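Chemist: Next come the chains, spelled out residue by residue.
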Amino acid sequence: MSSQSNAMPESSLRPQGTATTAIPAARLMYWSVRRELWEIRSIYVAPVAAACLFLFGFSISILHLLVAKHAAPSLDLMQQRELFGQPYEFIEDLIMGTTLLVGLFYSADALYGERRDRSILFWKSTPVSDLITVLSKASIPMVVLPLLAFAITVLTQWIMLMISSAVLLGSGHNAAILWSRVGIFHRWPMLLFHFLCIHGLWQSPIYAWLLLVSGWARRVPILWATLPPLTVGITEKVAFNTTYFGTLIGNRFTGGSEGIAIMERGRQMDPMMLFAPLHFLINPGLWIGLAVTAAFLAAAVRLRRYRGPV
Amino acid sequence: MACIEARGLRKQFGTTVALDGIEMRVEEGGILGLIGPNGAGKTTALNAILGLLPYQGELEVLGRDPWTERDQLMRDVSFIADIAVLPRWIRVCQLLDYVAGVHPRFDRAKAEGFLAKTAIGRTRKVRDLSKGMVAQLHLALVMAIDARLLVLDEPTLGLDILFRKQFYDSLLNDFYDRTRTIVVTTHQVEEIQHVITDLMFINRGRVVLSYSMEEVESRFLEVMVHPDKLDAARALKPIDERQVIGGSILMFDGVDRQQVATLGDARTPGIADLFVAVIAHQDKQAQGADK
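Sequence order for the protein chains is A and B.
The first sequence maps to residues 1 to 310 in my numbering.
The second sequence maps to residues 1 to 291 in my numbering.
Bound conformation, chain A alone (with noise of 0.2 Å):
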């Protein structure tokens, strides 16, 4: 697959005293990423483990929907959406909470995995810059994570909208109700914008923070990362019986109120949630964030030059 790869013309030639022809950033960054994937393999594999999961226990449940179509007919069209919608919310929720789970663990382990398995020798002896090493770590959370859970959710909802039509139609049944009050294809755009921006771009100083305590702490990163917070947390509570910092922290967990509000319009199909997105883009807190991840990779860069095997 990489043959391509030792077709690079100047190998013949040994320019004495230049510099060798540098090999593009874009294909770094691309093997720098591969090779994340080769070693943390639980960055796919767990939520297609929760998917295929969600899936068995859906294909048991599909009993009850032979139940609910047959009191479909009864219920009003709210209930009905709430009945046939709920399964595919929940894989939603299922995917994005694995996801951060392992977004979370990823960042906390990424820069300090190396420096544990002294394999950090072999990567410096490489022709690839610490600022390309952080970024592709700091990628897999921030944009590999929320894709890759968009295309599982994506599947899985179209295998279980698959799975239910054949059992409804085996059973003799008209699917057409499912497919209609489902919707989830409405969704779909905005359950993509909701992974890019709320996991990618809205979460991104926390998994920035722990990558760079990641690449500082001489053992247990994960608890450097979450005890300072947590101690800050706590002593405003006594000191002012304030909350804000707790708030700040919970609001980058949860996307915030506009987040929030973005994933509630895009499920009741709400007209208005088309301006949401840019409702969202124009929110002060998100490019205060990102400000704040540009400070964290940046110091996670430099810090990676003076680190070596812990």
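Just so you know, the hints here were simulated from the structure itself, not pulled from any lab data.
Treat the hints with caution; some may be incorrect.
Sample of chain B residues lacking proximity to chain A, with all beta carbon distances greater than 12 Å (derived) [as the list claims (entries may be wrong)]:
no., residue
1, P54
2, R70
3, Q243
4, V244
5, I249
6, D273
A few chain A residues facing chain B, derived, Cβ under 10 Å [claimed, not checked]:
no., residue
7, T21
8, R27
9, E39
10, D117
11, S125
12, S129
13, Y306
14, G308
15, P309
Please read these numbers as outputs of a predicted model, since none were measured by experiment.
Every residue gets a Cβ at the ideal spot worked out from N, C-alpha and C, and that includes glycine.
Position chain B relative to chain A; hints supplied.
Modeler: Frame of chain A, contents of chain B only:
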């Protein structure tokens, strides 16, 4: 242009001085053996050269500052650190893919060729390979990189004698071409005696001896002296004297060969003996200076 040029290279860890003003100039095209006791500063010096450590003083490797330009430098420099550092989770084929992907001077076919001579399977993980195989794998990788400088810090540590011999054999036969530079440190000094072209002793963070092997051969002599001639031999101011069965072995620095030949069989000392003699001599002088 020198391959490595250091002037007043210093490094301190807390109150410990690891490098105390290293002066060195390594020309391209040689194999330098860097020898020193534990804690002499060898690894610190190599880490500074490889851009793994910040330092004080001046240091240029292939015309670059290793600390600020490590990633560019690594296009032309390969190294094997003192312990197995290949990631244990990686498969051999993944490792080849990765290096081929990120290294502009990696020749994958060459690496495959080296690996074909070993028992290392492409689909095996590094953690499942024996220590010797990991060393072979790493060597195959760095030898397939068309590097101008190769740095080996205790590359054969923990390997059995067969592997160690193979290691240096393939290094000489398949990599070294007299235009590349190799810097190697090891405690198994006798193994590199006939491999290196230049010799550098380092002790307490300073370079205490730096000669080409030709210079070593022309300067230093070791003579087995019969007890009768011991006084005459001592008059020539040997730098070292040690007792063996049947007499004493005296080592001389820069004496007349013919004069020494009258005392007994003269020969070039081994690096290990020379090292012990030079370090002991230096310590003695340091003590003398203190008094």
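Chemist: Identify every previously stated hint that the structure contradicts and give their numbers, smallest first.
Modeler: Violated: hints 1, 2.
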